[in-house]
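Chains as they are written, first to last, in the numbering used here: chain A, 8 to 297; chain B, 348 to 416.
For the record, the hints were derived by calculation from the structure and aren't laboratory data. Where a beta carbon is used, it is the ideal one built from N, C-alpha and C, also for glycine. Keep in mind that a hint or two might mislead.
Taking lysine to aspartate or glutamate pairs in the EDC-like style, the calculated list, with each CA pair at most 16 Å apart, reads [what the hints assert, rightly or not]: (1) B:LYS350 - A:ASP93; (2) B:LYS380 - A:GLU208; (3) B:LYS380 - A:ASP93; (4) B:LYS350 - A:GLU96.
One-sided excerpt, in silico: chain B residues whose CB lies under 10 Å from chain A [as the list claims (entries may be wrong)]: (5) LYS350; (6) TYR352; (7) ASN354; (8) ILE356; (9) SER363; (10) THR364; (11) VAL365; (12) SER370; (13) GLU373; (14) ILE377; (15) ILE384; (16) GLU386; (17) ASP389; (18) ILE394; (19) ALA397.
Among the chain A residues that face chain B by a calculated CB cut under 10 Å, a handful are [unchecked claim]: (20) SER15; (21) ALA19; (22) LEU94; (23) THR237; (24) ASP246; (25) LEU247.
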Amino acid sequence: MADPVLASMVRAQGMENARHYMAATPKVQAYRDSWVKLAPYRDGPVNPQRLDVSDPAEMAQRVKAKALELGATMVGICRLQPHMIDLGEDVPHEFVIVACVAEDYEKVIHGANAVEEEAMRTYAKCTEIATELGAYVRNLGYPARAHHNGGSEVQAIPIFYQVGFGELGRHGSLINEKYGASFRPGFVTTDLPLAEDQPREFGVQDFCMNCNVCQLNCPGDAIPKEHVMTHGIKRWIIDLEKCYPYSRLRDEYCHLCVDVCPYNVKSHPETYKAFMKERKQVGYKTPKSW
Amino acid sequence: MEKLYVNEIRPGGEVSTVGLFYSRAEAKTIIAKLQSIPEKADCRYEIVEAAAALPSTNPPKQKREAANE
Numbered sequence: 008m009a010d011p012v013l014a015s016m017v018r019a020q021g022m023e024n025a026r027h028y029m030a031a032t033p034k035v036q037a038y039r040d041s042w043v044k045l046a047p048y049r050d051g052p053v054n055p056q057r058l059d060v061s062d063p064a065e066m067a068q069r070v071k072a073k074a075l076e077l078g079a080t081m082v083g084i085c086r087l088q089p090h091m092i093d094l095g096e097d098v099p100h101e102f103v104i105v106a107c108v109a110e111d112y113e114k115v116i117h118g119a120n121a122v123e124e125e126a127m128r129t130y131a132k133c134t135e136i137a138t139e140l141g142a143y144v145r146n147l148g149y150p151a152r153a154h155h156n157g158g159s160e161v162q163a164i165p166i167f168y169q170v171g172f173g174e175l176g177r178h179g180s181l182i183n184e185k186y187g188a189s190f191r192p193g194f195v196t197t198d199l200p201l202a203e204d205q206p207r208e209f210g211v212q213d214f215c216m217n218c219n220v221c222q223l224n225c226p227g228d229a230i231p232k233e234h235v236m237t238h239g240i241k242r243w244i245i246d247l248e249k250c251y252p253y254s255r256l257r258d259e260y261c262h263l264c265v266d267v268c269p270y271n272v273k274s275h276p277e278t279y280k281a282f283m284k285e286r287k288q289v290g291y292k293t294p295k296s297w
Numbered sequence: 348m349e350k351l352y353v354n355e356i357r358p359g360g361e362v363s364t365v366g367l368f369y370s371r372a373e374a375k376t377i378i379a380k381l382q383s384i385p386e387k388a389d390c391r392y393e394i395v396e397a398a399a400a401l402p403s404t405n406p407p408k409q410k411r412e413a414a415n416e
């Protein structure tokens, strides 16, 4: 088990593995199997006949159109920087393309099993997209490696931020103005010349300073009130020791911090309001303005 | 479980939190990895104990259950 905190908690409870991983339904297991099967195709031979790229902006549009055609909801591109690569790993590429698939909010709010299935469905889709997109770029004559649940050497959040998907929120995930934090990624690193997207700020960090809805709805009380600063960005660091008993040591997944975030209201106004009304009835906090 | 912040201190004095770690050994491993990066050769690192958790402000389980009945 790669996560040392989870491993030590599992050991302390005399378990062999986290229950969350042992209790997969056949459908969830099939999704997990799909990225294991695609892992050997993360990289591959490059077409020796390289396409000349005179216009990186036009090429970026082409790559983005391809990712959307493959089923991505959002696509972004940036230069691959050292802090985006896992410590101790080497990724010898200049750019990273990120393709995200949004979760269906109508599904995820129906309890932990529904979240688990939808999360794994989107991860499986992202794996397919990253694998196909990597092959597409290699066919243009440029090296490319897919990064997904079947194997990855890149860090999602700094890449999300750099391509302008959004800002880091109190619950520890990046918040997009349309999809909240309800989306999952796949990546392709490459040397194909591409125009870069830029970070985009729209007030998430200030909003999170006053909102607190995720913190007050967390069943494990794992989201802190206070933030720390990392290179000028506010980070509310989730206490994994409190989060994992709800999100990993049980049979099912937990996703509540993402589901209650008011940024979901833009994409699903009625569903979000109905969901929060139910939460309010059982004693949880809803956004101040209601 | 022990809770420790690792802070990075840049030559100009800017302090940046690397993350929250749950054992001194894990914190030291991260620091060693960061120190092996040439661009971070001038940075210093400190391990700081995280403040004890504040009492929960979430409604107690009994209250939620009572409201649910």
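To test your reading of the hints: which numbers does this structure violate?
1, 2, 4, 8, 17 and 18
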